[in-house]
Amino acid sequence: MSDFLQFAFQGLALGAIYALVALGFVIIFKATEVINFAHGELMLLGAYLVYAFHNEANLNFYFSVLLSIAAMAVVGWIIERVILRRMVGKPVFAVVMITIGLSIVLHQIVTAKWGYSDRQMADPWVSRTVDVGDIRITQASIVTILVAAGVLGLFFAFFRYSKYGVAMRATAFDQEAALAVGIPVRRVYALSWMIAAAIAALGGVFISSFPSSLNPNLGFAALRAFPAAILGGLDSPGGAVLGGFIIGEVEVLMQAYQPDIAPWLGNNFHVVAAYVVMILVLMVRPYGLFGTPQVERV
Amino acid sequence: MRRTGARAIGFAVAILLLGMTACRSGVTVGVGVDEATRTIKLGELTPLTGAVAIIGKPLTRGHEVFFKYVNEELGGIGKNLDKDKRYKVELVTKDTQYTQEGQVQQYNAIKDQVLMIAQSLGTPTTKAILPQIREDKILTGAATLASAWLKEKYVIPAGAPYPVQFINAAQYLKDQGKTPKIGIIYQDDEYGEEGLKGLEYVTGKFGWTILAKATYKAADAAGDASLFLPAAKKMKDAGVDTVFLTSTPSATGKLLGVAAAALKYAPQWIGQSPSYIGALATNPALGPYLAAHYQVVTDASCGWGEVGAGCEGMKEMIDNVAKYAPDQKPDYFFIFGYTQARIVYQILEKAVDDGDLTREGVVKAFESLRDVDMGGLLNPISYGTKCEDKVPVTASTIWSVDPTAPTGLKKLEPKIDSSLIKDFPFCS
Amino acid sequence: MSDGAAPPGSPAATVDAAPRPSRAAPGPARSRPPSPFRRLPFAQRLTGLKTSYGKQLTIYQSGFGRFWLAVLVLLAATAPFILSDFWLSVLNFTAIAAIAAIGLNLLTGFTGQVSLGHAFFVGLGAYTAGYLGGDRGLPFLVWLPAAGLLGALVGLAIGPFALRLKGLYLAIVTIGLVFLGEHLFLNLRSITGGPQGRSIPSPEIGGLDFGKLGGLSRDQSFFFLAIPVLALATLFAKNVVRSRPGRAFQAIRDREVAAAVIGVNLARYKVSAFALSSFYAAAAGALYGSYLRYVTPEQFGLLFSIQFVAMIIVGGVGTIFGSILGALFIVLIPRLVEQFSDSIPFLSKTSSGGGLDVFTFNQLIFGVLIVVFLVAEPLGLAGIWQRIKVYFRAWPFSY
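Residue numbers (my numbering), protein chains in the order written: chain A, 1 to 298; chain B, 1001 to 1428; chain C, 2001 to 2399.
Hints should not be assumed to be uniformly reliable.
Derived pair list, reagent style DSS-like, types lysine-lysine, alpha-carbon separation capped at 25 angstroms [what the hints assert, rightly or not]: (1) B:K1411 / B:K1178; (2) B:K1068 / B:K1386; (3) B:K1386 / B:K1197; (4) B:K1205 / B:K1153; (5) B:K1151 / B:K1411; (6) B:K1264 / B:K1178; (7) B:K1041 / B:K1079; (8) A:K113 / B:K1329; (9) B:K1094 / B:K1041; (10) B:K1088 / B:K1411; (11) C:K2166 / B:K1151; (12) B:K1350 / B:K1151; (13) A:K90 / C:K2389; (14) B:K1085 / B:K1350; (15) A:K90 / C:K2166; (16) B:K1041 / B:K1178; (17) B:K1083 / B:K1041; (18) C:K2212 / B:K1153; (19) A:K113 / B:K1083; (20) B:K1094 / B:K1083; (21) B:K1068 / B:K1094; (22) A:K113 / B:K1323; (23) C:K2166 / B:K1137; (24) B:K1205 / B:K1422.
Negatives, chain B to chain A, calculated, CB over 12 angstroms [to be verified]: (25) K1174; (26) G1310; (27) D1356.
Think of the hints as simulated: they come from the structure by calculation, not from any bench. Note that beta-carbon positions come from the ideal geometry of N, C-alpha and C, so glycine has one too.
The following block holds chain A by itself, in its conformation from the complex:
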């Protein structure tokens, strides 16, 4: 039983990371209808920036994180302003391709500056653990879950109560109408990219803190959060979060129990399992758990 709890908790920690990534992803999609394939690389850049500020420039860790979040917000703003704004009204495919091209560029920038070897983040909570009954939990996991929960709570509050949060929801709901009532849609787009990039940076910090490490292929790990976003519904931030936690749990539990329970499924089934769960949910609810069905014009 304690084994199960240990795995379950680890799954929560992983899920928190996925939730952050999925949330950022959904924010962009909800506001701008763009599928951002570069999201993993934004996370990557954010993580490496923390490394640069903390390990290389020797700034305080928390300060480095804040700095990185701010820097990534700027990066998000630049991307939106310089590239994506020109693509308003252009076919969706082109925009998707652009985000793919962007991800290549970002990846190359990171590897050109920092090379390909693993780096250690030197986060403050390292290998310290906390014992809860029979289970041993790393401080890193606790911090991840707490911070993720905090960020998500903050975000939902923002969405609900602040002026710009409401503006974002309005724009996502109906862009033209929002324009008509005087909401600065351009600013809302820019804001969504900035927020998403900032959240990505945070996700990057957690995915690379001990015992994980900084690795240029982090971006691909972020890709595993896509099923989370879909599961929850592409335009539902709450769904993205729930989806993230579900996928995290599925992956860890599968990795732990599948080789014993169902070895015929082959090695390392957990990656596929995430998608299987997603597909099962979609079969029942084609727009994800909380997604709104798209209205089709005849």
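Chains B and C: place on chain A using the hints.
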């Protein structure tokens, strides 16, 4: 522009002319050797961007540094020739991005320019150009330790195939009189399987059982460590006290970190050579754990910076690194590349000595290499024409982790050469 | 090579304006399928007025098109003797990729079903070729279509998902396919060889080994196989697009509900779009495998899928010609950038530690090119081509 007929004639004429000039230096030359400028061109097919660049870049750098040394200090290839008659080496490097298409295309790009291919990185990628290598008869140095190359006439295996390392590691344990409770965690690909094969073979011979086996996906190594918890836990639950590890450094760090922190599990870890990098030892959180519980098994060689007797090759390498690549940090793949370049150098030297710097001549030189001194970088290597003779080295070195040493490694056992290796079915 | 869509302004009815003396007037019209190479009189080309069904369906509407087609055929026949193996291998990979890209375009460009799972079908085709050709010893003319058919069958199985899911939800499900594929390729060892991969036989037709024709090199020999297969694939796709299924696909893409209302059987056409595109992908995969002679599971990952998506987007979504252009772009540009960047002085050509080297630069340029290109011309290469053609069609009156 190229027509088959005209090309053949032109080629023959060129050979004739070259032959006439080459006769003066006593060496017949072929494609890839320019008599006029006295240059030999060697091909490098390696991933310099993309996920596998982490191996390709330092490996290629090892080649570059070595051949720079050869060109500038030794004057070129041909130690028995006058210094101005020696052949300088020029590397033609192409980025394959570790894809088969890239490999095939880049092979085609260089195949008419080079005498041989000094580096072809990757097992699947090298297999993609294998039909052409066989046909064009271009000698190729495979920068992978797959045992498949032993059966190929035109491929140079650059080190002991992976199974050898685990066989020796297990032998080391047996020699100490231990009967370990064994488990293995291996990467879910060909590299991992080779490690598994080696362990299964040697435990079968010793009558030991493998209590637990676990794999992990290579792609997980780049992500969060949570996914490594199950594998470590499986070992712990099975009561394993010696875990053999066939992994990459990212995975090693995560696995050990999870074991140390979340599980407080401290078996003896024995990792294959690619599973370790220096950064793991200097990591403040992991270093002490590694120092107490981690061992690495590599092909028998000197450590980075070890310059005692029997390690002249290493001294040479360190000097060259200081001169030509001072920013290069200790890196296993750099050493591998440097060593491989040295092997290529020996082959070329032999070819020049035999007076035949053509593609066929180079192959003959390769097959006739016997007990070539590698200055401690590797045990003396031998090749041959038959598969069984082509395992270049069979001895391994066992290291423990010492954060104060240059690469973080300290020699535990300089040479283990298990007698079981010669019976391993490499060639079946 | 026009798109088959009638230029705007053509009359809806294309009946014979006047009975022609050479044609027998009474009796039902003999409906021989019109040749795609029939030629139209100049006036009809210019105004878009077509005076018969045959003329509307012809692919090459002018002598110009036919002339250039003949030139292309001539070039293709002589290329293996003129170009170096390097360029031939680039073209071979382009041809293989183009076949797969055409399939993807049929699904995504023409039917609007976004699929990121193309790599799975390509891998499926490659492994099927290996198994049927290698293990079972069947001849090429059996295993190539068989690989395609297997791909189509699996595509049929995926089809029902497409019925239920829309847009991006479908796209992410297809990503799942890729992971499922990788998993299967890794674990079904007896067929796929597991992580070691497996070898695939050379394509042989009746004693002619297209991996090694006489004294020709591997790339030359394969060229003679790849180009005709590409031509066949293109012709077939073009005809599908210009005929009833093609119109149904496009209707589904444009306004699904409206299409259903006017009687397009959504289920049938969506599922067949998947089957058709998977057929193409698997056939391309079989060719790919037999060219490489060895495949491993890692090749067929998400990045591979994304390459095909890149091809159709850069080439031009919803055009057949665009698929070929896109394939050419994606395969060729990195090689061209390499040639060109060799002469840039400040880039280091060695793989030394930090700083920018040629290789990173190449990748960077590639990513930047994609972004810039699409910002400038979202309709892709085919869009540019179309604009050029239209300009010259009305020349010298284009303005």
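We went through each hint and held it up to the structure:
1. About 20 angstroms separates the Cα atoms of K1411 of chain B and K1178 of chain B, which keeps this hinted pair within 25 angstroms; it holds.
2. Note on K1068 of chain B and K1386 of chain B: the hinted pairing is violated, with a Cα-Cα distance of about 33 angstroms set against a maximum of 25 angstroms.
3. Pair hint K1386 of chain B plus K1197 of chain B holds up; C-alpha atoms about 22 angstroms apart against a cutoff of 25 angstroms.
4. As the CA atoms of K1205 of chain B and K1153 of chain B are separated by approximately 30 angstroms, the hinted pair breaks the 25 angstroms bound.
5. With a C-alpha separation of about 33 angstroms, the suggested pair K1151 of chain B and K1411 of chain B falls outside the 25 angstroms cut-off, and the hint is violated.
6. A threshold of 25 angstroms between alpha carbons decides the hint, and for K1264 of chain B with K1178 of chain B the separation of about 23 angstroms falls inside it, so the pair holds.
7. With a C-alpha separation of about 18 angstroms, the suggested pairing of K1041 of chain B with K1079 of chain B holds against the 25 angstroms cut-off.
8. Distance check on the hinted pair: K113 of chain A and K1329 of chain B sit about 16 angstroms apart at the alpha-carbon level, within 25 angstroms; holds.
9. This hinted pair checks out: K1094 of chain B and K1041 of chain B have alpha carbons roughly 13 angstroms apart, not beyond 25 angstroms.
10. A C-alpha spacing of about 36 angstroms is found between K1088 of chain B and K1411 of chain B, which places the hinted pair above 25 angstroms, so the restraint is violated.
11. Using a Cα cut-off of 25 angstroms, the hinted pair K2166 of chain C and K1151 of chain B is violated, with the two alpha carbons roughly 52 angstroms apart.
12. The straight-line distance between the Cα atoms of K1350 of chain B and K1151 of chain B is roughly 22 angstroms, inside the 25 angstroms bound, and the hint therefore holds.
13. Taking the CA atoms of K90 of chain A and K2389 of chain C, the gap is near 22 angstroms; set against the 25 angstroms cutoff, the hint holds.
14. Simply put, K1085 of chain B and K1350 of chain B have alpha-carbon atoms about 16 angstroms apart, close enough for the 25 angstroms limit, and the pair holds.
15. In summary, the hint linking K90 of chain A to K2166 of chain C is supported, as the alpha carbons are separated by about 20 angstroms, within the 25 angstroms threshold.
16. Restraint check: the Cα-Cα separation between K1041 of chain B and K1178 of chain B comes to about 51 angstroms, which exceeds 25 angstroms; the hinted pair is violated.
17. Straight-line distance between C-alpha atoms of K1083 of chain B and K1041 of chain B comes to about 19 angstroms, which keeps the hinted pair within the 25 angstroms bound.
18. As the CA atoms of K2212 of chain C and K1153 of chain B are separated by approximately 20 angstroms, the hinted pair is consistent with the 25 angstroms bound.
19. Between the alpha carbons of K113 of chain A and K1083 of chain B the distance comes to roughly 41 angstroms, so the proposed pair goes past 25 angstroms and is violated.
20. Restraint check: the Cα-Cα separation between K1094 of chain B and K1083 of chain B comes to about 30 angstroms, which exceeds 25 angstroms; the hinted pair is violated.
21. Straight-line distance between C-alpha atoms of K1068 of chain B and K1094 of chain B comes to about 18 angstroms, which keeps the hinted pair within the 25 angstroms bound.
22. Proximity of K113 of chain A to K1323 of chain B is assessed by CA-CA distance (about 23 angstroms); at most 25 angstroms being required, the pair is judged to hold.
23. Straight-line distance between C-alpha atoms of K2166 of chain C and K1137 of chain B comes to about 53 angstroms, which puts the hinted pair past the 25 angstroms bound.
24. Pair hint K1205 of chain B plus K1422 of chain B holds up; C-alpha atoms about 13 angstroms apart against a cutoff of 25 angstroms.
25. The claim that K1174 of chain B is not at the interface with chain A holds, since no C-beta of that chain comes within 12 angstroms of its own (minimum 29 angstroms).
26. For G1310 of chain B, the condition that its CB be more than 12 angstroms from all CB atoms of chain A holds, with the nearest at approximately 30 angstroms.
27. At roughly 39 angstroms from the closest C-beta of chain A, the C-beta of D1356 of chain B stays outside 12 angstroms, upholding its exclusion from the interface.
In this structure, the hints that do not hold are numbers 2, 4, 5, 10, 11, 16, 19, 20, 23, in rising order.
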